[in-house]
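Take the sequences, apply the hints, and build the full model.
Sequence lines, in order, name chains A and B. Residue numbers for the first sequence follow numbering that gives the first Met the number 0, beginning at 0 and rising by one. Residue numbers for the second sequence follow numbering that gives the first Met the number 0, beginning at 0 and rising by one.
FYI, nobody ran anything at the bench for these hints, they're computed from the structure. This list has only true hints and no planted wrong ones.
Listed next, with one range per pair, are the computed distances between beta-carbon atoms: (1) B/LEU83 - A/TRP114: 30 to 38 Å; (2) A/PRO141 - B/ASN114: 48 to 56 Å; (3) B/ARG77 - A/GLU113: 42 to 50 Å; (4) A/PRO159 - B/ARG77: 32 to 40 Å; (5) A/ALA132 - B/VAL73: 50 to 58 Å.
The beta carbon of each residue, even a glycine, is placed where N, CA and C say it ideally should be.
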Amino acid sequence: MRTVFFDGPDSGVIKDLREYSPGATVRTDICVIGAGAAGITIARELAGRGEDVCLVEGGGLEYGFPDSQVLYQGESVGAPVSLIGGRLRFLGGSTNHWGGRCAPLQDLDFRRREWIPHSGWPFDKSELDPYYARARAVAGFPSNWLSDSDTLAYLKDSLPGINTERLMPFLWHWTPATTGDAGWNWGKAYRSVLQESPHVLTLLHANFTGFSTNESRTHVQTATVTALNGISLNITARTFVVCCGGIENARLLLLAAEHSPGAFGNHSDQVGRYFMQHPRGPLGILTGDHRLTHLQEQFNMLSGGNGLEVEVGLALSPKVQEAERLLNCSAVLQYQSDPDAGVTAAQDLWRSLKAGQWSPDMGGKVGLIASDLGDVLTRLEHRLTSGHSLDKEGAQGIPSRSAVLLADLEQAPDPDSRVTLGTQRDSLGLREVQVDWRHGELERRTAERFCSYIAADFARLGIGRCRMEPWLQDARIPISDALNETFHYIGTTRMADDPREGVVDRNCAVHGMDNLYVAGSSVFPTSGQANPTFTIIALALRLADRLKS
Amino acid sequence: MVYFSAGTLSRREWLCGFTGLCGVLSFNIAYGLPHGAVPAARVEDWLLQFARDLPHDASALRQLGETYLATHPVEADRVQLSRLLAPDGRAVGTLSGVIRNVERDWMSHNVAVVNGWVLARTEARLCALFFLTDPIPA
Numbered sequence: 000m001r002t003v004f005f006d007g008p009d010s011g012v013i014k015d016l017r018e019y020s021p022g023a024t025v026r027t028d029i030c031v032i033g034a035g036a037a038g039i040t041i042a043r044e045l046a047g048r049g050e051d052v053c054l055v056e057g058g059g060l061e062y063g064f065p066d067s068q069v070l071y072q073g074e075s076v077g078a079p080v081s082l083i084g085g086r087l088r089f090l091g092g093s094t095n096h097w098g099g100r101c102a103p104l105q106d107l108d109f110r111r112r113e114w115i116p117h118s119g120w121p122f123d124k125s126e127l128d129p130y131y132a133r134a135r136a137v138a139g140f141p142s143n144w145l146s147d148s149d150t151l152a153y154l155k156d157s158l159p160g161i162n163t164e165r166l167m168p169f170l171w172h173w174t175p176a177t178t179g180d181a182g183w184n185w186g187k188a189y190r191s192v193l194q195e196s197p198h199v200l201t202l203l204h205a206n207f208t209g210f211s212t213n214e215s216r217t218h219v220q221t222a223t224v225t226a227l228n229g230i231s232l233n234i235t236a237r238t239f240v241v242c243c244g245g246i247e248n249a250r251l252l253l254l255a256a257e258h259s260p261g262a263f264g265n266h267s268d269q270v271g272r273y274f275m276q277h278p279r280g281p282l283g284i285l286t287g288d289h290r291l292t293h294l295q296e297q298f299n300m301l302s303g304g305n306g307l308e309v310e311v312g313l314a315l316s317p318k319v320q321e322a323e324r325l326l327n328c329s330a331v332l333q334y335q336s337d338p339d340a341g342v343t344a345a346q347d348l349w350r351s352l353k354a355g356q357w358s359p360d361m362g363g364k365v366g367l368i369a370s371d372l373g374d375v376l377t378r379l380e381h382r383l384t385s386g387h388s389l390d391k392e393g394a395q396g397i398p399s400r401s402a403v404l405l406a407d408l409e410q411a412p413d414p415d416s417r418v419t420l421g422t423q424r425d426s427l428g429l430r431e432v433q434v435d436w437r438h439g440e441l442e443r444r445t446a447e448r449f450c451s452y453i454a455a456d457f458a459r460l461g462i463g464r465c466r467m468e469p470w471l472q473d474a475r476i477p478i479s480d481a482l483n484e485t486f487h488y489i490g491t492t493r494m495a496d497d498p499r500e501g502v503v504d505r506n507c508a509v510h511g512m513d514n515l516y517v518a519g520s521s522v523f524p525t526s527g528q529a530n531p532t533f534t535i536i537a538l539a540l541r542l543a544d545r546l547k548s
Numbered sequence: 000m001v002y003f004s005a006g007t008l009s010r011r012e013w014l015c016g017f018t019g020l021c022g023v024l025s026f027n028i029a030y031g032l033p034h035g036a037v038p039a040a041r042v043e044d045w046l047l048q049f050a051r052d053l054p055h056d057a058s059a060l061r062q063l064g065e066t067y068l069a070t071h072p073v074e075a076d077r078v079q080l081s082r083l084l085a086p087d088g089r090a091v092g093t094l095s096g097v098i099r100n101v102e103r104d105w106m107s108h109n110v111a112v113v114n115g116w117v118l119a120r121t122e123a124r125l126c127a128l129f130f131l132t133d134p135i136p137a
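And the structure:
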């Protein structure tokens, strides 16, 4: 099966399903449903090996189809989840929200931790390491990747003497693609690649509306996609891969299982369970009577030239996680500008003048600049002359005397935190989702311990004092009032060797189905604390390798 | 978004308050435990030295002490607190001894969270002793 048949132009194009004639069909090798980071990566990899791929996207080329976006509508019945705002329906999918922050999961994230029920991946991190290395290029990094070891070696002499038994510096790499171009998005970046590939047919405005299977419901025969103008198309393929994001992957399998009870990985009622995110929010505020200049040089976004940027934060050490039976978590410092600093006044003044406006309180600002002239001149000189390989001085940015500790937390997998089908139906007649996102008290305890360790170390080192947010100490404050969602939707089609404990196996194949796979963060059994896109790409590359072989 | 909330203490205020408390503590201990205690005149010297240059928010420190004692009522006793603050069962006597205790608290993570502030246990007890010694703001 090597040829794509349909009544439009040949593959290597991006087509709009709404322009097809009714009753059209496509026959291909691989049908990839969903064109985000996972879907596009798998399509490119397979097409590169000569497989014919039909890549299906529910939205258009760009954002701007409200009728399509509203298909993401649903009901959030637990902690608030922004079902429409957190996801995107156009080429590139919700990855178009991606800011470019990359870090692999850590060793402990993959292990079964007896203090965290339902934790543990079917494999350890070493299985993903080669794919993480390949994922760099997919994520838009040039070959001169700033390795963690190089970065830490560079920082070694100047990092404050934190107690590494409890805390460790944690690095995020920001892809130059996003930091260098505010208008960059995943769909735009890969559009031409898809267009130029002779083996990929990309179908836009093609919304999944159903699977057909063999009699024993173990083999998908066709996927049906439908445009909002009513045009439908059946796609016949050897293999189907669902890559619609952490909520929609579950919805799609649940919709399919409605007509085939027990199939589509849901024989043990696992589809949609264990819904997680990385709750994010302030843990406390760090204050000092002096400026946090030295801290800003270390725990900050460091510019590495050529658009490469490394963000240095803190994470709870694996040793403490194990000893105190905690989750993983990390934090960055968000520095607040010192309103009395000459540099702040100079920046305000410069912005006003650039906008052609006369700055209010001009006299006061000039006075502040004059009283702080040395610092203003030093920073100006640095601004004009910097070009270091990792720019610590430039990271000082704004003079600051206080900083917010902003944390990302891991959540413990909870089977009752789940995505189900609601009673409302969308404009295609499919049941909308109902999401019940839950928090657990282990998140609060983890955050409290983490913040207290940071506070103690910063106090010991004379950096400043930390005041915790009230929710860390007061169990009456709902965690959902203190933390926000991050749109990192994880865990709803989790990976497990035992079909009773998960939806897909270690190769991302749906349990009980011989040609249906799932890609994306929905297969993560645990979330770690790192942003998921880098791991999504690594897993997509791994799945593509499995499908090729 | 500004997260900085009212009622915070700067490190300088902390240092000053802390030093003042050491003086109060030393005075107390000197009164009750004459052997090895710092003479009151020396404590007064410390206070003068720090108070000359730094502000001192006594009411905030008293409040911290009061809050700490509310959650640790068993320590709400001047003699008991003085004993708890004495390193290795001896009188504190010197500022450097208390500072050593605080350092040890940080290293062993012997902390107390009071009104959100993460304090070394010794700091929290100093605040408590301060509150018990002089509960009404002057």
